Amino acid sequence: MSSSGGPSTGTVQAGHLFDLARQGETEVLAAYVDAGVPVDLTNSAGDTLLVLAAYYGHGDTVAALLARGADHARINDKGQTALAAAVFKQATDAVRHLLAAGADPDLGEMTARMTADFFGLTAMTELLDAPR
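No gaps in the numbering here: position 121 of the sequence shown is 121 in UniProt numbering, and each next residue is one more.
Please note: incorrect hints may appear among the correct ones.
[To be verified] DMTMM-like cross-link-like pairs, simulated, lysine to aspartate or glutamate; straight-line CA separation at most 25 Å: (1) Lys-78 - Asp-19; (2) Lys-89 - Asp-104; (3) Lys-78 - Asp-106; (4) Lys-89 - Asp-60; (5) Lys-78 - Asp-129; (6) Lys-89 - Glu-25; (7) Lys-89 - Glu-126; (8) Lys-78 - Asp-117; (9) Lys-89 - Asp-40; (10) Lys-78 - Asp-40; (11) Lys-89 - Asp-71; (12) Lys-89 - Asp-77; (13) Lys-89 - Asp-19; (14) Lys-78 - Glu-109; (15) Lys-78 - Asp-93; (16) Lys-89 - Asp-129; (17) Lys-89 - Glu-109; (18) Lys-89 - Asp-117; (19) Lys-89 - Asp-106; (20) Lys-89 - Glu-27; (21) Lys-78 - Asp-104.
It is worth saying that the hints were derived from the structure and are not from the lab. Computed from a predicted model, the values in this text were never measured in an experiment.
With the hints as extra help, turn the sequences into a complete structure.
Put into structure tokens, the structure is as follows:
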């Protein structure tokens with residue numbers, strides 16, 4: 001913790017931040033971002049905090065990162081966006097937050113729409129096709 005009571009960004013390991021995104025530790029992760037951690041911090045696979053939160057189905061974490069300016073259009077090293085990750089995991093809340101923020105279902109090499117079609121995720125296809 002810093003002298004102001006918030007998290008210190010000087011000693012935190014990046015791996016810990018990615019774990020927070022995977023675990024849906026929204027408040028702690030948001031506090032680190034608010035303290036200066038880049039909201040689009042990226043790991044060695046090209047995954048951002050947003051992609052990981054979306055993949056692990058943490059809608060609240062996705063919403064918090066988007067509210068702090070996370071780029072929903074970032075594409076990881078596999079050609080996937082956070083929206084494609086959320087669709088793959090059928091994370092409805094995360095998908096809704098990403099779509100509301102303007103995420104494009106047709107962006108990336110393996111798009112969210114392609115993912116839904118390939119795996120026969122009818123509910124996800126309907127969500128992607130719903131008027132916004």
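Against the structure, the hints come out as follows:
Note on Lys-78 and Asp-19: the hinted pairing holds, with a Cα-Cα distance of about 20 Å set against a maximum of 25 Å. Under the criterion of a C-alpha separation no larger than 25 Å, the hint pairing Lys-89 with Asp-104 is consistent with the structure, at around 17 Å. At roughly 15 Å between alpha-carbon atoms, Lys-78 and Asp-106 fall within 25 Å of each other, so this suggested pair holds. Between Lys-89 and Asp-60, the direct Cα distance comes to roughly 15 Å. Compliance with the 25 Å bound is thereby established for this hinted pair.
As the CA atoms of Lys-78 and Asp-129 are separated by approximately 24 Å, the hinted pair is consistent with the 25 Å bound. Among the hinted pairs, Lys-89 with Glu-25 is consistent with the structure: their alpha-carbon atoms are about 18 Å apart, no more than 25 Å. Proposed proximity of Lys-89 and Glu-126 is supported: the alpha carbons are some 15 Å apart, at most 25 Å. Between the alpha carbons of Lys-78 and Asp-117 the distance comes to roughly 18 Å, so the proposed pair stays at or under 25 Å and holds.
Our distance criterion of 25 Å between C-alpha atoms is met by Lys-89 and Asp-40, whose separation comes to about 21 Å. A distance of roughly 17 Å separates the Cα atoms of Lys-78 and Asp-40; the hinted pair therefore holds under the 25 Å criterion. For the proposed pair Lys-89 and Asp-71, the alpha carbon gap of about 20 Å is at most 25 Å, so the pair holds. Restraint check: the Cα-Cα separation between Lys-89 and Asp-77 comes to about 18 Å, which is no more than 25 Å; the hinted pair holds.
Between Lys-89 and Asp-19 the CA atoms are separated by roughly 18 Å; this keeps the pair inside 25 Å, and the hint holds. Of the supplied pair hints, the one linking Lys-78 and Glu-109 holds, its CA atoms being roughly 8 Å apart against a limit of 25 Å. The hinted pair formed by Lys-78 and Asp-93 meets the criterion: a straight-line CA distance of about 23 Å does not exceed 25 Å. With a C-alpha separation of about 18 Å, the suggested pairing of Lys-89 with Asp-129 holds against the 25 Å cut-off.
A hinted pair counts as satisfied when its Cα atoms are at most 25 Å apart, and Lys-89 with Glu-109 qualifies at roughly 17 Å. For the given pair, Lys-89 sits about 13 Å from Asp-117 by alpha-carbon distance, which is consistent with the 25 Å threshold. Under the criterion of a C-alpha separation no larger than 25 Å, the hint pairing Lys-89 with Asp-106 is consistent with the structure, at around 17 Å. Distance check on the hinted pair: Lys-89 and Glu-27 sit about 23 Å apart at the alpha-carbon level, within 25 Å; holds.
For the suggested pair Lys-78 and Asp-104, the alpha carbons sit about 17 Å apart, so the restraint of at most 25 Å is met.
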